[in-house]
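Everything in the sequence shown is counted per our numbering, starting at 12 for the first residue and increasing by one.
FYI, nobody ran anything at the bench for these hints, they're computed from the structure.
Misleading hints may appear alongside valid ones.
Subject to a maximum C-alpha distance of 16 Å in a straight line, what follows is the list of computed EDC-like cross-link-like pairs (lysine to aspartate or glutamate) [said to hold, decoys possible]: (1) 175 <-> 149; (2) 116 <-> 126; (3) 175 <-> 110; (4) 209 <-> 110; (5) 194 <-> 150; (6) 168 <-> 126; (7) 168 <-> 125; (8) 175 <-> 150.
The calculated label-pair distances, taken between Cβ atoms and stated as ranges, are [unchecked claim]: (9) 47 <-> 121: 44 to 50 Å; (10) 76 <-> 27: 48 to 54 Å; (11) 30 <-> 73: 17 to 23 Å; (12) 207 <-> 100: 23 to 29 Å.
The beta-carbon is built from N, C-alpha and C at its ideal position, and this holds for glycine as well.
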Amino acid sequence: VTEEDLAFLEGLAEPITDFERRRADSICALNPAAPWSIIAITFTNKAANELKDRLANMLGEEARDVWAMTFHSACCRILRRDMERLGYTRSFTIYDSSDSERIMKDIIHDMGLDDKTFPPRYVLSVISREKAQMSTPEEMLERAESANDLRLIHVAKAYRTYQKQLTENNALDFDDIIFLTVKLLQENEDIRAFYQRKFRYVLVDE
């Protein structure tokens, strides 16, 4: 709104002409946000479902066009569209904790490591922290070798094998969903630009 617009609005007096009304409306009217330009992210499925119900009550069928979901659900939706860029297919599967533990148990055995010294759950927890920091197996291994940390070197090598097996199986673990979405957006300007144009309103719960 310009100073001229403000002066025009302040100077309006009855009776108002059709031209003045149209101009005043064009200055003051607020166009509602298009549902498909909104992404509303929350942490739990329960909260996401409650958000969807509230939107449906307010907007009706248009509520379906709002991306109201958890972080992981939103990331899965992004990945299903462009996962080929990362060497997977769109039909990738998601492993739960028991799937991951079973694979890691075999990896630890094949590496000749003692599963009491390297419990699968512990190794996976370290890998999870690495993925949260966007650290690849190669980066972790380089850091472990620089520190001459033998224990961390073994975990980094297990991480490398684990990730190789996931890729070969066209599978992701729960941490990959966030990790790979960030990687996809960071490394592909066209995909990043697509979502920057699509979402004009980004809302994150708490």
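A quick look at each hint next to the structure:
no., hint, result
1, 175 <-> 149, "holds, 12 Å"
2, 116 <-> 126, "holds, 8 Å"
3, 175 <-> 110, "holds, 15 Å"
4, 209 <-> 110, "violated, 35 Å"
5, 194 <-> 150, "holds, 15 Å"
6, 168 <-> 126, "holds, 15 Å"
7, 168 <-> 125, "holds, 15 Å"
8, 175 <-> 150, "holds, 15 Å"
9, 47 <-> 121: 44 to 50 Å, "holds, 48 Å"
10, 76 <-> 27: 48 to 54 Å, "violated, 37 Å"
11, 30 <-> 73: 17 to 23 Å, "violated, 33 Å"
12, 207 <-> 100: 23 to 29 Å, "holds, 26 Å"
Checked against the numbered hints given earlier, the structure breaks hints 4, 10 and 11 and satisfies all the rest.
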